[in-house]
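First to last, the sequence lines map onto chains A and B. Oh and the first sequence: position 90 is 90 in the working numbering, straight run, nothing missing. Oh and the second sequence: position 77 is 77 in the working numbering, straight run, nothing missing.
Check before you lean on any hint, since a few could be wrong.
In silico DSS-like pairs for lysine-lysine, Cα to Cα no more than 25 Å straight-line [said to hold, decoys possible]: (1) A:K93 to B:K15; (2) B:K73 to B:K93; (3) B:K93 to B:K32; (4) A:K93 to A:K32; (5) A:K93 to B:K16; (6) B:K93 to A:K93; (7) A:K73 to A:K93; (8) A:K64 to A:K34; (9) A:K64 to A:K15; (10) B:K93 to A:K16; (11) A:K64 to A:K93; (12) B:K64 to B:K15; (13) B:K34 to B:K16; (14) B:K64 to B:K34; (15) A:K73 to A:K34; (16) A:K32 to B:K93; (17) A:K32 to A:K64; (18) B:K93 to A:K15; (19) A:K93 to B:K32; (20) A:K73 to A:K32.
Honestly, the hints are just simulated from the structure, not real lab data. These numbers come from a predicted model, not from an experiment.
Protein chains: 2
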Amino acid sequence: MAVKVVARERLQSGKKDAALEIFREMVELTRKEKGCIAYSLHESAEDPDVIAMIEAWESQEALKAHLESEHFKRLIPQVGALVAEPSRIEVFKELF
Amino acid sequence: MAVKVVARERLQSGKKDAALEIFREMVELTRKEKGCIAYSLHESAEDPDVIAMIEAWESQEALKAHLESEHFKRLIPQVGALVAEPSRIEVFKELF
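Could you put together the complete structure from these sequences and hints?
Structure below.
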């Protein structure tokens, strides 16, 4: 069964366009990775400055390789400079 | 673009089997609903008593109809009796 990740960030006010530009590159490069089933960016229905990447990976190993990828290590710190509070990242195993 | 829901619950200790039985029926009935793209149950990689339904709907209207369905109104209160803390339900709009 798939490994899912929900990675939620609250952006600093006025930083959304800059964050989306970084995330567009992340999405484009990550979807090409081995074992990536889904990788999409979302905004909260309640607060457009809250965004969430919802991810599905074929295995824990595929997720681990993603976290070690060049684009992850290069782009995620750029997003980190735009957030208003610490990211909330949760990893889930699909049951059924 | 899809509407996503991440609904997270921390179960009371020892109640997981009972909760999974209820969620199996929820999953079976919900996947038959109009506008349901995905509806899967997960457990946290860090704590198996933390579970999360990750959902994808074609529209806000499809999600609204789900929340008004017979099985939602009948089964979710049964899950509510097994949780250790209030549910955390977040609704997201897919951007890209």
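For each hint, the structure was consulted:
no., hint, verdict
1, A:K93 to B:K15, "holds (18 Å)"
2, B:K73 to B:K93, "holds (24 Å)"
3, B:K93 to B:K32, "holds (22 Å)"
4, A:K93 to A:K32, "holds (22 Å)"
5, A:K93 to B:K16, "holds (15 Å)"
6, B:K93 to A:K93, "holds (22 Å)"
7, A:K73 to A:K93, "holds (24 Å)"
8, A:K64 to A:K34, "holds (11 Å)"
9, A:K64 to A:K15, "violated (28 Å)"
10, B:K93 to A:K16, "holds (15 Å)"
11, A:K64 to A:K93, "holds (14 Å)"
12, B:K64 to B:K15, "violated (28 Å)"
13, B:K34 to B:K16, "violated (29 Å)"
14, B:K64 to B:K34, "holds (11 Å)"
15, A:K73 to A:K34, "holds (17 Å)"
16, A:K32 to B:K93, "holds (23 Å)"
17, A:K32 to A:K64, "holds (15 Å)"
18, B:K93 to A:K15, "holds (18 Å)"
19, A:K93 to B:K32, "holds (23 Å)"
20, A:K73 to A:K32, "holds (16 Å)"
Checked against the numbered hints above, the structure violates hints 9, 12 and 13; every other hint is satisfied.
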